[in-house]
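Visitor: Here are the chains, one letter per residue:
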Amino acid sequence: LPPHAEFERLILVHLDAGYNLARWLAHDARDAEDVVQDACLRAMKYMGSLHGEDARAWFLTIVRRAFYDWLARNRPALMVRDDESAIEALPDEADNPEQALLRKTERLALADAVAALPLAFREVIVLRELEELSYKEIARIADVPIGTVMSRLSRARRLLQGSAGLRAYGGPAAGEPA
Amino acid sequence: MNCEEVAALLAAEADDEVDGLRSHAIRKHVAGCAHCGQRHEAVLDLRQRLRAELPYHAAPAALRGRLMAEHGLPVSRAAALAAVPGRRWRGFGGGVLAGGLAIGLVWVGSVVWQQAEFGQDLSERVVGLHTRATLGNRLIEVASSDRHKLKPWLSARLDYAIPVTDWVQAGFPLVGARIDRLDGRPTATLVYRHRDHVIDVFVRPDTHATVRPSAHSVRGFNVATAQGAQMAWLATSDLNATDLAAFVQGLARGAVAPASD
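For the record, the sequence lines run as chains S and Z. Each residue of the first sequence is one higher than the one before, starting from 1 at the first, in my numbering. Each residue of the second sequence is one higher than the one before, starting from 1 at the first, in my numbering.
Think of the hints as simulated: they come from the structure by calculation, not from any bench. One should not assume that every hint holds.
[Unchecked claim] Just so you have them, the derived chain Z footprint on chain S, three or more residues with Cβ under 8 angstroms:
1. 110-123
2. 128-142
3. 156-163
[What the hints assert, rightly or not] Okay, the calculated beta carbon distance ranges per label pair:
4. 34(Z) / 76(S): 46 to 52 angstroms
5. 41(Z) / 143(S): 29 to 35 angstroms
6. 219(Z) / 143(S): 31 to 37 angstroms
7. 28(S) / 19(Z): 38 to 44 angstroms
8. 53(S) / 32(Z): 39 to 45 angstroms
9. 20(Z) / 41(S): 42 to 48 angstroms
10. 55(Z) / 42(S): 25 to 31 angstroms
11. 52(S) / 3(Z): 40 to 46 angstroms
12. 146(S) / 3(Z): 22 to 28 angstroms
13. 242(Z) / 134(S): 31 to 37 angstroms
14. 143(Z) / 53(S): 38 to 44 angstroms
15. 49(S) / 16(Z): 25 to 31 angstroms
16. 2(S) / 149(Z): 52 to 58 angstroms
Quick reminder that beta carbons are idealized off the backbone N, C-alpha and C, glycines included.
Only chain S is shown next, with the shape it has when bound in the complex (with noise of 0.2 angstroms):
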C-alpha cells in the first residue's frame, strides 16, 4: 500500500486515541497535539516495526515515548517531580481514616483526581479504563513488567479512593458515618 494509505490504515483510525492519551498525561490541548503530532512522524518512520501486533497498542507506544520527550525538553521539572522515587515516597492514605476525614472537605471530583495523579499512575489508569487494555499490553506500552502495571494500578486506585471520597478498601465512604 501506499504510505498514505498505511497512514490512514494503521495511525489514523488511532488518531483518538492517541491524543486522549497525550491530552491525559500534558493536560493541555496544544501540548498534546504537539506530543501527537510528532507520534504520527515517528510512527510513519518506523512503521516497518509493526509486525501484525495491534496496530492501537503500537501507536500508543508511540505517543507515549513522544510525549515523554517532549516533557524532558519542556518541562523537566515535572520528570523529577513524577520520577520513581517520588511515586514510592507517596503516602498510601486509604486506609487512615483520619485522613480521610480530612478530606471530606476537599472532595475532589474524579477526573481532577486522575488529572492530579503521579504520571506513571496516570498513564495505567487511562490505558486501562479508558482504552481498557490487558496488562499484558499496557505492560509493553509503558515498558515495564506486568508485574509492576499490577502494583502501579493498585496503588494508584488507592489513591483515588482516597481523593476522590470514595469509599476506601474495607471501610465506609469517606466522609460518611462508620
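Fit chain Z to the known structure of chain S by using the hints.
Guide: Chain Z alone, transformed into the frame defined by chain S:
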C-alpha cells in the same frame, strides 16, 4: 484463600486478569466474607465511576485535517473521517474507512475484510460485557421497569439520549439499565428479560458508518444488531438467534412487537 490473598487480587479480578481457578476461589471467598465483599464493592464502585466520569478527549478536527494534509490525504475527507465530536466508536472504524473509496479500488478488498473483522470483534466485546455483568453483581445499576425513570437516569450519565421502550406485552419486560464502557465510551445498556433469558441491549449513536443488521455467535451467546432512531442497537443473550434478532429489530424500529415463542 484468606482475606489478605483475596485483597491483593481483587482489582486484578475486576480487570479480568486472574486465571479461572483463582478467580473462582476469589468469588467464592467474596460471597462468604462481608469484609472482602465490601472491598470488592469498593473496587467495582471506582471502576464504574471512572468509566462514567472520565472524559475521553477525541482528536480535534483541525489536528486531524493538518495530519491528513501532511500525508497527502484529501483534507475534504477529514470531517468524514473524524468521529462524531466527542465520541468515538472504535468498532465502526472499518465503516469509517469505507469512506476511503477515493483512495483506489485496491483498497476495497481490505476494507470489506476489516469490516467483517470489526463485526466479530465488536460481538466479542459485547458478549464480554454481558457475561461480566451477569457473573458479577452489576447486571443492573438502576432497577426499574419504568422507562420514564430510566431515561433521565441514563441521560444524566451519557452525552446522548436514547429512546427507552418497554416490551412487556410481547413478553420482554424491561428490568433495568446500566452504563457500560464500550469502545472507550460510556454506553447505555438496557436490560430486558424473556422467560429465563437475560437480554442486554447496548444503545449508542449510529455514526454515518452504519452497522448493517448482522448476527454473530460468541461462546454460545448470540449477538444481533439493528439500526433505528439514529442509534445502533446491539443485543446479546443466550436467547435463540431468531428471537433475539426479531426483538432488537423491533426495538430499533420502535414498531411491531417481535413474535414471542
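Visitor: If a hint holds in the structure, say so; if it does not, say that too.
Guide: So, going through the hints one by one against the coordinates:
no., hint, result
1, 110-123, "holds (count 3)"
2, 128-142, "holds (count 7)"
3, 156-163, "holds (count 3)"
4, 34(Z) / 76(S): 46 to 52 angstroms, "holds (49 angstroms)"
5, 41(Z) / 143(S): 29 to 35 angstroms, "holds (34 angstroms)"
6, 219(Z) / 143(S): 31 to 37 angstroms, "holds (33 angstroms)"
7, 28(S) / 19(Z): 38 to 44 angstroms, "holds (41 angstroms)"
8, 53(S) / 32(Z): 39 to 45 angstroms, "holds (42 angstroms)"
9, 20(Z) / 41(S): 42 to 48 angstroms, "holds (44 angstroms)"
10, 55(Z) / 42(S): 25 to 31 angstroms, "holds (26 angstroms)"
11, 52(S) / 3(Z): 40 to 46 angstroms, "holds (43 angstroms)"
12, 146(S) / 3(Z): 22 to 28 angstroms, "holds (24 angstroms)"
13, 242(Z) / 134(S): 31 to 37 angstroms, "holds (34 angstroms)"
14, 143(Z) / 53(S): 38 to 44 angstroms, "holds (42 angstroms)"
15, 49(S) / 16(Z): 25 to 31 angstroms, "holds (29 angstroms)"
16, 2(S) / 149(Z): 52 to 58 angstroms, "holds (54 angstroms)"
Violated hints for the displayed structure: none, as all numbered hints are satisfied.
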